[in-house]
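Protein chains in written order, with the working numbering: chain A, 121 to 246; chain B, 121 to 246; chain C, 121 to 246.
Keep in mind the hints are simulated off the structure, nothing from the lab. Remember, predicted model here, so these are calculated numbers, not experimental data. It is possible that part of the hints are untrue.
Calculated lysine-lysine pairs in the DSS-like style (CA-CA distance at most 25 angstroms, straight line) [said to hold, decoys possible]:
1. 179(B) to 125(C)
2. 179(B) to 125(B)
3. 125(C) to 125(A)
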Amino acid sequence: MGGGKALVFVAGQVPLEDGQLRFIGRVPTEVSLEDAQAAARLCALNILAQVEAAAGLDKVDVVASVTGFVRSAEGFGEQPQVINAASDLLADVLGDAGRHSRAAVGVSELPRGVSVEIAAVFVVRT
Amino acid sequence: MGGGKALVFVAGQVPLEDGQLRFIGRVPTEVSLEDAQAAARLCALNILAQVEAAAGLDKVDVVASVTGFVRSAEGFGEQPQVINAASDLLADVLGDAGRHSRAAVGVSELPRGVSVEIAAVFVVRT
Amino acid sequence: MGGGKALVFVAGQVPLEDGQLRFIGRVPTEVSLEDAQAAARLCALNILAQVEAAAGLDKVDVVASVTGFVRSAEGFGEQPQVINAASDLLADVLGDAGRHSRAAVGVSELPRGVSVEIAAVFVVRT
């Protein structure tokens, strides 16, 4: 990256809140679209916590990429609307630095059955 | 990366042509292998358009990685053949710089039901 | 990355051993959890072989990220346990440099029906 920047790869985050997994199930049959968006926001908060611990949020130059996996019931194609909720939260917290490229896909299963998992790559100033 | 290079993360691209999504369905039952390859080429063209807009194709040093998601019917395992079509197009356009590492996986659902989604990371000269 | 470091993106590796694919099927119904862990270790060995060929394992600064796809039967949520086997192998071989962020997801299909596919990004000294 040059010029005192580094990449921080954030592991796939799940909707963990106060040590407990939330929003278990397939979208939208077992977890509604709205709840899946809440799950995505929890993932985003956990991503921010990871970046804060690794480098400090004040050091974020830009969010390089976000990859969101939505545990999808057959025929569900609104993965972008789910992951948008995480994107919006990142933009709210980080401002312009929070804009990012993104991929959203629908998978059949996720760890412990959660509805959403999101990984990210950040560029930070060193 | 050192030496005046930067990474460009390209968001997951879908088979969008003239503002319209094409090749909707699972491979190979609803979308044939050949049509899925056409979808992959559309994704690759949209990736190139993103890189052109972000940095200019003449600045591409190398394609670092390509991740292709193929919406797969049960038992379909030819994801590499589908994503190869995108890889070949990138190599045709970019020459040696177009060679890349790649992952191809089969997912159950994709945004709006498209058959292929491809994300990529490019190294560009700054 | 600055300071003489570069990223190596390793393509999605499958459980190829002596030129033959092993551990074909869904986890845990067709391939047991233990066998899937063996598949993940094979993927990790193939990742190390790729890095050795591309840059040399002695040049590894740190494993930046590992993304593991587990071909999952309905309701299977132990993807982390599967991919942990690859993570443990990387840590055994590389020591502290082998620690990494990770995403593990469950997908419906993988190339040629394999049970596990793993992609990775390494930071190497140049």
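Against the structure, the hints come out as follows:
| no. | hint | result |
| --- | --- | --- |
| 1 | 179(B) to 125(C) | holds, 20 angstroms |
| 2 | 179(B) to 125(B) | holds, 9 angstroms |
| 3 | 125(C) to 125(A) | holds, 12 angstroms |
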